[in-house]
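Chain W is already provided as a structure; the job is to place chain L on it using the hints.
Number of protein chains: 2
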Amino acid sequence: MADRQDKRGGNEHHLQQVVALLHRHELVENLVQREGGARQPLVEHLVHRQHLNELQQLLDRLHPADIAYVLEALPLEQRLVVWDLVKADRDGEILLEVADAVRETLIAHMDEDELVAATGQLDADEIADLAPDLPEEVIQDVFKSLSGEEREQLRSAMSYAEETVGAQMDFEMIEIREDVTLEVVLRYLRRLDQLPDHTDQLFVVDREERLRGLLPVNRLLVSDPEIMVADVMTREFTSFSPEQDAQEAAGAFERYDLVSAPVVDGEGFLVGRMTVNAVVDYIRESKDSETLAAGGLAEDEDLFASVWKSVRNRWAWLAVNLVTAFIASRVIGVFENSIAQLVALAALMPIVAGIGGNSGNQTTTMIVRALALGQITRDNARTLFIKEISVSALNGLLWGSIVGLFAFLIYHSWQLGLVMTGAMALNLLLAAVMGVVIPLAMQRFGRDPAIGSSVMITAITDSGGFFIFLGLATVFLV
Amino acid sequence: MADRQDKRGGNEHHLQQVVALLHRHELVENLVQREGGARQPLVEHLVHRQHLNELQQLLDRLHPADIAYVLEALPLEQRLVVWDLVKADRDGEILLEVADAVRETLIAHMDEDELVAATGQLDADEIADLAPDLPEEVIQDVFKSLSGEEREQLRSAMSYAEETVGAQMDFEMIEIREDVTLEVVLRYLRRLDQLPDHTDQLFVVDREERLRGLLPVNRLLVSDPEIMVADVMTREFTSFSPEQDAQEAAGAFERYDLVSAPVVDGEGFLVGRMTVNAVVDYIRESKDSETLAAGGLAEDEDLFASVWKSVRNRWAWLAVNLVTAFIASRVIGVFENSIAQLVALAALMPIVAGIGGNSGNQTTTMIVRALALGQITRDNARTLFIKEISVSALNGLLWGSIVGLFAFLIYHSWQLGLVMTGAMALNLLLAAVMGVVIPLAMQRFGRDPAIGSSVMITAITDSGGFFIFLGLATVFLV
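Here the protein sequences come in this chain order: W and L.
Just add 50 to the spot in the first sequence (first one is 1) and you have the numbering used here.
Just add 50 to the spot in the second sequence (first one is 1) and you have the numbering used here.
For the record, the hints were derived by calculation from the structure and aren't laboratory data.
The model shown is predicted, which means the values in this text are computed figures rather than measured ones.
Even glycine gets a Cβ: it sits at the ideal position worked out from N, Cα and C.
Don't take each hint at face value.
Stated by the list, open to error - Computed far set for chain L versus chain W, every beta-carbon distance over 12 Å:
1. 102
2. 136
3. 139
4. 157
5. 166
6. 209
7. 221
8. 230
9. 419
To be verified - Pulled a few chain W residues facing chain L out of the computed Cβ check, cut under 8 Å:
10. 142
11. 243
12. 419
Bound-form chain W, shown alone (with noise of 0.2 Å):
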């Protein structure tokens, strides 16, 4: 961790340095294209050098996530020639900090051997976050240049799905011998220029790499440096193996305030580590997934992405919903008749639709949220699906008791304030059941219930909606 000023947090100001910087060159750039370079051209070359000069000595001082922060903010053309101006032996860090989609962009504008050349300078571990972006050629040749352990780690790397344990884990562990004192351990490190980062315990493994135990790092400062390793080492730890769902481990990482954990496979072996950094960006980027999922976009999309290429990634979306909507609308055409006698039943049905769906996505909120907390069991399922039914059933009766007399007061029709009451509680009721059984069925065939089962909600209580309330009328009141 190199040193860095002082910063206290914010980094929206880089951006307005930055900023700033850009618009004084473009200012200068115009300027020179208007008057054809003819008047003080040289003058004018130099002040436009001065402040490409001016940023990138900026960008030289600021942190890659930085740097990676103010080129995702940036429209494409700017982002450019900032990224121009970036020296190339920090390419690599950016690359693995920026945001999926700027990533492509970024290295859509490089050619091979650049990329080469700042993929060379990451560590195993982050070569393999990258080789998904990456030309095919490219990784050929990084995979030529490295050790034959480092090569042995990015195949192990690349080997594990995306949200496993063995995708996010590095290889950085210093290893001891449990036979040896502290203060044999203590001159071992002092021949190292440094330590990884997030080195807050070492790895006691056996001749054959089979984890002992732990020895942390606050121990081996407070204890008598003539004690054995063996003494002191923990043998009971928190480990996990590869193919675990990241999740999990996150969840671990989260309960026991854990900054690294081994990785451990299933004969013992110790084959990585997990880290606290790793740990907060996954959980950081599965927040962001699903924000983006919930809101109805299919994956991060570049703030400056093209206008095509958004519409593409808000096509499957808005197509569902076109579904759905299409199969409401075919329900209310089936009334036709009944709202053509009674033409109050239009401007009444999408009260009873909406707020259906709204009580059936509360419901669904708490259900998905107990799944992925694992507090749902095969004993507590009836106790919660009771609770959702008498909640729903209360609400109904109130909520729907409220919009009857709406429409009563309305229409002057108590027929139609009492039909207007049943169709709410009911689909109160259909609400309630389904933002139950729909998350747990999404769980019981292995997808996940966090996405999808709000748009199945709201299509069921649209429909169901439509279907009770002008069901209910033509049978009671046309």
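Then chain L, alone, in the frame of chain W:
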């Protein structure tokens, strides 16, 4: 961090064990009750006790976070049985770990002495976290039992607003002077029993407690013990002020991969320390409350809250939606004459409103996300605005044509199809404009755009969609 068993992350296993023991316990209890305790009362009593003993032993082995998880997943009655079995000296830690809504149920079950005892075991910053849920008298009692320094810390921690760094920081810093050698520091550390969790760096302060620099533990380990602290310490580092937004600090931890960071007041005095575990908890919690808000729940709801409590938790949102649904209903009411003449309008209007809402939510999700990342500047807002309008115009023509075709095929009226296409395009444009404007306006007026933007967008595209479609139909068709 105490030794604990290899857990490989999952904790659902513990829950199953607890539930199994509770069941056996309840079975016996039911038996005793049914038979009036007449037959073999002694044997049954012993079996009964044995299950509780087994359960207690299991609980003693679990990490406080795992007990918290089990408590959250149990219905109230069983939850209190387990809570009574937990050793009193662990109550404080567990109360800290448990979700707010569940914490309330546990505290309600404890008397004042138990609460004082539980709270008294905690650090000042932890007491401050619990304080809002504790009765005033308990806080008074605990306060009296603290040392002068701890009182000062508690007062300090409680003085900061919930979403600030000050409310998240702790006080477990190891402070050293710069004019000693590393050897002296190592000897000083060896005199301690253990270092605070997450001690990845020591804080170098002067006699007035002003922060002079940081000594990373990893640097301490690799450096020559004869060197002075002043010669190896880091003088440039990320620090936070206690009044700063915790969100900003979390962003800095994520960007710069920090494990701990100093909290420094305006005059440069060291007042506390922020650690990555507090950041992970903060990120999880803010993710959680966003999910709840997006799903229409006012706050964190105990999975087994009473029906009445749940109904109240869901009122506010349903009431807001009821108002917007009423408005939409009245918009339709204005056009009842047109609908009476052309009843197809009633069946088609929800499509226009629904797709508009979805498209608007996509835009809002993009903007809210970019605002949260601080990526929107006065400079690029216009570019973004134009992009979103263009995406919507394109989507409007595309999907508008599809629904227009749909309307034509079903109702055999090309005029109706054209009105449908036009209404879709216009409503999608309205959605794009409001999707950008609403979050920006909320941000401008100091409100969180993540909460409420979606409801407002949907309200506008519903009423707007009905108005545009029925209005166009009235002008051109009726």
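Do the hints match the structure? See the list:
Annotated as non-interface, residue 102 of chain L keeps its C-beta farther than 12 Å from every C-beta of chain W; the closest such distance is 18 Å. No Cβ of chain W approaches the Cβ of residue 136 of chain L within 12 Å, the least distance being about 16 Å, so the stated non-interface status holds. Distance check for residue 139 of chain L against chain W: the nearest CB is about 19 Å away, which clears 12 Å, and the non-interface claim stands. Taking the minimum C-beta to C-beta distance to chain W, about 20 Å, the non-interface status of residue 157 of chain L holds against the 12 Å cut.
No beta-carbon of chain W comes within 12 Å of the beta-carbon of residue 166 of chain L; the shortest separation is about 26 Å. Interface exclusion of residue 209 of chain L from chain W stands, the closest Cβ pair being 20 Å apart, more than 12 Å. Listed as a non-interface residue, residue 221 of chain L keeps its Cβ farther than 12 Å from every Cβ of chain W; the least gap is roughly 17 Å. The beta carbon of residue 230 of chain L is kept farther than 12 Å from every beta carbon of chain W, the shortest such distance being approximately 16 Å.
Annotated as non-interface, residue 419 of chain L brings its C-beta within 12 Å of a C-beta of chain W; the closest such distance is 6 Å. Interface hint status for residue 142 of chain W: violated, as the beta-carbon distance to the closest one in chain L is roughly 16 Å, over 8 Å. Checking residue 243 of chain W against chain L by beta carbon gives a least distance of about 7 Å; that is within 8 Å, so the hint holds. For residue 419 of chain W, the interface hint holds, the least distance from its beta-carbon to any beta-carbon of chain L being 6 Å, beneath 8 Å.
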